[in-house]
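Peer 1: The primary structure of each chain is shown beneath.
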Amino acid sequence: MSGHHQHEEAGRATSPYAARIRAIEALLLDKGVLTEPEVQDSITYMETRSPANGAKLVARAWMDEGFEGLLLSDAKAAALQLGIDPEHPAEFIVVKNTPGVHNLIVCTLCSCYPRAILGRPPDWYKSFEYRSRAVREPRAVMREFGFEPPEGVEVIVHDSTADVRYMVLPMRPPGTGDMGEDELAHLVTRDSLVGVNVPRS
Amino acid sequence: MTFEPGDSVRVLPSEKPGHVRTPGYLKGKAGWIESLIGEFPNPEELAYGHSGLPERPLYKVGFRQADLWDDYEGPAEDYLYADVYEHWLEPGEGESA
Numbered sequence: 000m001s002g003h004h005q006h007e008e009a010g011r012a013t014s015p016y017a018a019r020i021r022a023i024e025a026l027l028l029d030k031g032v033l034t035e036p037e038v039q040d041s042i043t044y045m046e047t048r049s050p051a052n053g054a055k056l057v058a059r060a061w062m063d064e065g066f067e068g069l070l071l072s073d074a075k076a077a078a079l080q081l082g083i084d085p086e087h088p089a090e091f092i093v094v095k096n097t098p099g100v101h102n103l104i105v106c107t108l109c110s111c112y113p114r115a116i117l118g119r120p121p122d123w124y125k126s127f128e129y130r131s132r133a134v135r136e137p138r139a140v141m142r143e144f145g146f147e148p149p150e151g152v153e154v155i156v157h158d159s160t161a162d163v164r165y166m167v168l169p170m171r172p173p174g175t176g177d178m179g180e181d182e183l184a185h186l187v188t189r190d191s192l193v194g195v196n197v198p199r200s
Numbered sequence: 000m001t002f003e004p005g006d007s008v009r010v011l012p013s014e015k016p017g018h019v020r021t022p023g024y025l026k027g028k029a030g031w032i033e034s035l036i037g038e039f040p041n042p043e044e045l046a047y048g049h050s051g052l053p054e055r056p057l058y059k060v061g062f063r064q065a066d067l068w069d070d071y072e073g074p075a076e077d078y079l080y081a082d083v084y085e086h087w088l089e090p091g092e093g094e095s096a
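Which chain is which? The protein sequence lines are A and B, in order. For the first sequence, the positions run 0 to 200 when numbering that gives the first Met the number 0 is used. For the second sequence, the positions run 0 to 96 when numbering that gives the first Met the number 0 is used.
Hints listed in this document are in silico derivations from the structure and should not be mistaken for laboratory results. Note that CB positions come from ideal geometry on N, CA and C, so glycine has one too. Wrong hints could be hidden among the right ones.
Said to hold, decoys possible - What follows is a set of in silico ranges between Cβ atoms, one per label pair, in the way DEER data are often shown:
1. L35(B) - E64(A): 35 to 43 Å
2. D181(A) - L11(B): 47 to 55 Å
3. W68(B) - I42(A): 20 to 28 Å
4. H18(B) - S200(A): 26 to 34 Å
5. A65(B) - W123(A): 20 to 28 Å
6. E64(A) - G5(B): 45 to 53 Å
7. L81(A) - L35(B): 26 to 34 Å
8. P98(A) - H49(B): 20 to 28 Å
9. I42(A) - G48(B): 23 to 31 Å
10. G23(B) - E143(A): 30 to 38 Å
11. G23(B) - A89(A): 17 to 25 Å
12. E76(B) - L26(A): 48 to 56 Å
13. L52(B) - R119(A): 45 to 53 Å
14. H49(B) - T13(A): 18 to 26 Å
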């Protein structure tokens, strides 16, 4: 193993997958396909993406009906308007929860997720259990996250099987009429952007 | 474009191996076209170093959960939407949804 992988020294993961990734990375570097600065840039890129971006989009949509319209019709343009670069996903679609419809996102085939906006998905999102159960028993999965859609609400599961990355626009919690945009954004959790739960209230 | 929103469709029960983006649980199932998402290079070709051209239409397809799972727990108004490439769809039978 070459000695220039400083970022790997602390807390090295020991799984066979981590070992395989390290081997592939070392080969790509040794063969000149990638450079160390490119690897670092890529890590930095992912670390600057976080659910806070999704929360900003949601809070603005709650405050501004025109922005909500843009978010639902052209989510990448909406992201750019808030200074969030939605570069990577080929398509980025935001689906809106309403008093009659609750949306839930999953990728059964792998772990597609709007990384360019929200960063890395949580481990549970990538688990076989979530990926198989979210399509088959979404209501049971949501109950385990602490959320049960009220009586009469349709549940729509979106399986991001191909070139689209999805995010949920949750409903604004009641009693938040006095809150400003930053305060509202703090209510928006990562789980509520995937749809396994609703925002804090 | 072969399909319009509202058209009934059925997912082909193909066993094609490789980097297919049609999950097994939808194969052979009946649904309807919600919308055309766009046209994209075919991921089944792209994954193996080919161009993936010509681009293929990708549709958002709707399914009733009760049509997917015999023992589905939940009301008949629960749905599942998945993104399915046109070459995985054939015209369905019966009324449009």
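Peer 1: Next step is simple, just say for each hint if it's right about the structure.
Peer 2: Comparing the hints with the structure gives:
{"no.": "1", "hint": "L35(B) - E64(A): 35 to 43 Å", "result": "violated, 27 Å"}
{"no.": "2", "hint": "D181(A) - L11(B): 47 to 55 Å", "result": "holds, 49 Å"}
{"no.": "3", "hint": "W68(B) - I42(A): 20 to 28 Å", "result": "violated, 40 Å"}
{"no.": "4", "hint": "H18(B) - S200(A): 26 to 34 Å", "result": "violated, 42 Å"}
{"no.": "5", "hint": "A65(B) - W123(A): 20 to 28 Å", "result": "holds, 27 Å"}
{"no.": "6", "hint": "E64(A) - G5(B): 45 to 53 Å", "result": "violated, 28 Å"}
{"no.": "7", "hint": "L81(A) - L35(B): 26 to 34 Å", "result": "holds, 28 Å"}
{"no.": "8", "hint": "P98(A) - H49(B): 20 to 28 Å", "result": "violated, 47 Å"}
{"no.": "9", "hint": "I42(A) - G48(B): 23 to 31 Å", "result": "holds, 26 Å"}
{"no.": "10", "hint": "G23(B) - E143(A): 30 to 38 Å", "result": "violated, 24 Å"}
{"no.": "11", "hint": "G23(B) - A89(A): 17 to 25 Å", "result": "holds, 23 Å"}
{"no.": "12", "hint": "E76(B) - L26(A): 48 to 56 Å", "result": "holds, 52 Å"}
{"no.": "13", "hint": "L52(B) - R119(A): 45 to 53 Å", "result": "violated, 31 Å"}
{"no.": "14", "hint": "H49(B) - T13(A): 18 to 26 Å", "result": "violated, 37 Å"}
Of the numbered hints given earlier, the model fails hints 1, 3, 4, 6, 8, 10, 13, 14; all others are met.
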